[in-house]
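Since the structure of chain A is already known, use the hints to place chain B with the ligands on it.
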Amino acid sequence: MTAVGAEAPIDERIARVGALRRLLLKPELGSLLGALVVFVFFAALSDVFRSGSGIANWLDPASTLGIVAVAVALLMIGGEFDLSAGVMVGTTGLTTGMLSTYYGWNLWAAIVTSLLLALAIGFANGYLVVRTGLPSFIITLGTFLMLQGLNLGVTKLVTDTVQVGAIEQTTGYEAARTIFASTVTVAGTSFQIAILWWLLATAVGSYVLLRTRFGNWTFAIGGDAPAARNVGVPARRTTITLFMTVSAAAWLVGTIQAVRLTSVQANTGIGLELTYIVAAVIGGCLLTGGYGSVIGASLGALIFGMTSQGIVYAGWDADWFRFFLGAMLLLAVLANQFVRRYAEQTRR
Amino acid sequence: MTTPVPAAGPPLLEVRGIGKYFGSVIALKDVSTVVRAGEVTCVLGDNGAGKSTFIKLLSGVFQPDEGELVLNGEPVTFGTPRQSLDAGIATVFQDLAMIPLLAIWRNFFLGSEPTKGRGPFRRFDSDTAKRITRRELAAMGIDIRDPDQPVGTLSGGERQSVAIARAVHFGAKLLILDEPTSALGVKQAGVVLRYIVQARDRGLGVVFITHNPHHAYPVGDRFLLLKRGRSLGDFGKDEISLDELTRLMAGGAELEALGHELAREGGPAADVARALAADRDGATDPTDPTDPTDRSVGAPPAGARAAGPAPGGPADRR
Ligand SMILES: Nc1ncnc2c1ncn2[C@@H]1O[C@H](COP(=O)(O)OP(=O)(O)OP(=O)(O)O)[C@@H](O)[C@H]1O
Ligand SMILES: [Mg+2]
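Sequence lines, in order, name chains A and B. When you line the first sequence up against the numbering used here, it's residues 715 to 1062, in that order. When you line the second sequence up against the numbering used here, it's residues 27 to 344, in that order.
Just chain B, same shape as in the assembly:
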């Protein structure tokens, strides 16, 4: 699969037909996309679609069973997360990869500790680490009381913010965020979206995983849709509208069906239905509630790039 490359030269990262198996489980098969410097590639999909598996292939946690990664035009293999980090790729994992009993500043620099001194006196520069931790978290609007606090005593959102601040600090070329806004309040989610935009404007490539098309669409330049380990398509922003993205995401039609169902029950459930309808925004075209599932995948928009034979079609399902 080739992508039209603008005059700017090779993309920062190209993913070609990548696949990953866990025993007999096909977690990911034949997925391709590109991440350009100064652009945001969003990965969307249902629970279990393979999003986390996809980014773990990029960050060296897993090694692909097929396909290849091309970084700046050079094929690369990441045997360990260290190699990926050394290539300038920083990741916010879905489980955050934080050590609960370890202090915030120790977590922040874990694996990339600044040192001072020479030879046997080379030591962890804790003053620098604490100072930078405090500064980076303050920049995110998180005012930590005490950098010595164990991470386990932070709230879920605070922990997520620490993990994001860490990746932003260490991401030299490519920043990967796996559902970074899931535990965040409106304000911090906004901060994260702004971070993504800032990183993009600094010339970094960003891979942003989310369930929420309303978070993805405003910041994204490309949209990779996954379902059950397969690609539903890889769209440029000019090839897809927010409505189509919302509908295409598995769950778009289901949500609508659920809305109808709840509306029939009346009372408080009807309020939920109205809220759901509002959440779907402009995705108005009436859907037959009796046939909810395949609507969402049957007809990708005309602009969709080919994404394997009969993407997501019934015959293609495991």
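Looking at chain A on its own, in the form it has when it is part of the complex:
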């Protein structure tokens, strides 16, 4: 800020406060610090953790979480939740598997069909939320339970078991494997291609949020939907699009896992919906909407991946994983609370 004449000292003081405020207001700051601490902690405890194959190992769970967490973060910034995001990973994987194995479809046709199904479910979630004005928490809880029942019921009905397998024998599998489940070798270590998908999702998500009109609308409808509508933001369309984005992300992960593992369990994805939300909150998303970061949500997923594998490498009981996550979540929420007070303090 340019200061004028005698007022210069005052303005300098203000400018300093502004810079500090701006740094603190970076929503991903907390998750970046958290990720560094977690990395240093486990790297000090275990050689394997910081080796090439170790890194590849903890990046993999981080990537499949992160792809959906990015979309969930966008939705939360837009002021809504999607509890059906986890079970949708199962729904899309099962759909792809059943259509391609039991009904003999080309795998690609099955993959595209399950994408359309996911988009339809996302649309239904969003449409119900904007039409009824009910909390998305309740609406998507309903979708979650229904999909959970359908996943099990339909799988049993079609296969007489609780899983769909032998996806590797379908036509089109090799091409699908190259795109969704191959590995990339860097410096002698092979990394899952899902990590690339995750980086791509993070980059696109962050670009859309910070650099496009749609991103501006997302912040606005999460901050104050009526105000946003009053200045001409297409709030309903934005909300529905965000729900469909989450479904599409769940479809991507469902497809990656179905192709990689060549079989899908009927209970796949259940419980993940909260993990996505936790990753987004660790990344700086407010539960009340209007604030957050896509990169932060990705860092939240990274913390998840590092902790889940780090505990194994450190030779601890895996039960400690939950404790770590709980502590991380509490810290993140407290930090967010502080930031929000700071950002929103108004003088009326």
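It is worth saying that the hints were derived from the structure and are not from the lab. All values derive from a computational prediction rather than experimental measurement.
Pairwise CB distance ranges (calculated):
(1) A:Trp1034 x B:Gln109: 53 to 61 Å
(2) B:Thr103 x A:Ala1041: 50 to 58 Å
(3) A:Lys740 x B:Asn73: 41 to 49 Å
(4) A:Arg951 x B:Arg144: 15 to 23 Å
(5) A:Ala823 x B:Asp112: 37 to 45 Å
(6) B:Arg144 x A:Asp874: 52 to 60 Å
(7) B:Pro244 x A:Phe837: 51 to 59 Å
(8) B:Gln89 x A:Leu833: 30 to 38 Å
(9) A:Tyr841 x B:Asp112: 20 to 28 Å
(10) B:Arg144 x A:Thr1002: 31 to 39 Å
(11) B:Gln89 x A:Arg951: 17 to 25 Å
For each residue, glycine too, the CB sits at the ideal point set by N, CA and C.
Relative to the frame of chain A, chain B with the ligands by itself:
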């Protein structure tokens, strides 16, 4: 209700017998006025009179239950605020319609973001947005330190100034301001009044809502008075004086009564009473303090256009 239209052609906006109900609440009934290009129409009235409801009908937030809006001679319906904006109508809402956690420049262009690039690379042109925001606010005498500051950290008056600057920037034909000076200092209130005059001189129509007849009268060409959702009358400037406007506005007589009451108590209260008396300016004709309410509405000046049967009379009250 017809209004004598000067040779200039149809008015920019004509409001014909408009009404709005919220369930059993009659928020607005049978209100008519005109807004001409290059003129300022002031809407005055008590708290809860229906002023904000009136402008929300013009800006597409609400849809009227009766009556119609005629824009440039064509009947229009605004289903959403977007449609009203696209018709060149920009509004400063009473609650300002700003997102507290969003940066100033993002708020300024919210819903009307400038873009650059093509196809999937079409993006929010943040440099242009920041530059214009800074320029428009500087023109209002608000020197923002940092356009990246969240709006929630601005003072109430600063926030109001941002909202006004935004509407002035986007208002192509009609500018609507709902109590835009309520949180402003003397200087910024003066700037806003000057803005209204400038917009008028640029040929825009302006709808200006205020409680303060001393703000309304110098800039207004028409005065629509509302009370309890009804029109008390729609006056041209030649049909009403500042004194009459002050007295007609609900509260004119009440203020006087309050003045008498406070004067009897003496001490500091008497100072308040003197200040009140001064504020009423020339509205000198002595009023019986025992009958304060109906004085203000009983006898509209001769020039008042008919405004429904027995406007504001006791029988007309809900
Ligand atoms: N959405 C709504 N639902 C129900 N009643 C409403 C609604 N909006 C406004 N009203 C009622 O309509 C009446 C007029 O309200 P309005 O906000 O238009 O008043 P106003 O003249 O702008 O008052 P103020 O000077 O305090 O801003 C009030 O009695 C209010 O309670
Ligand atoms: Mg109002």
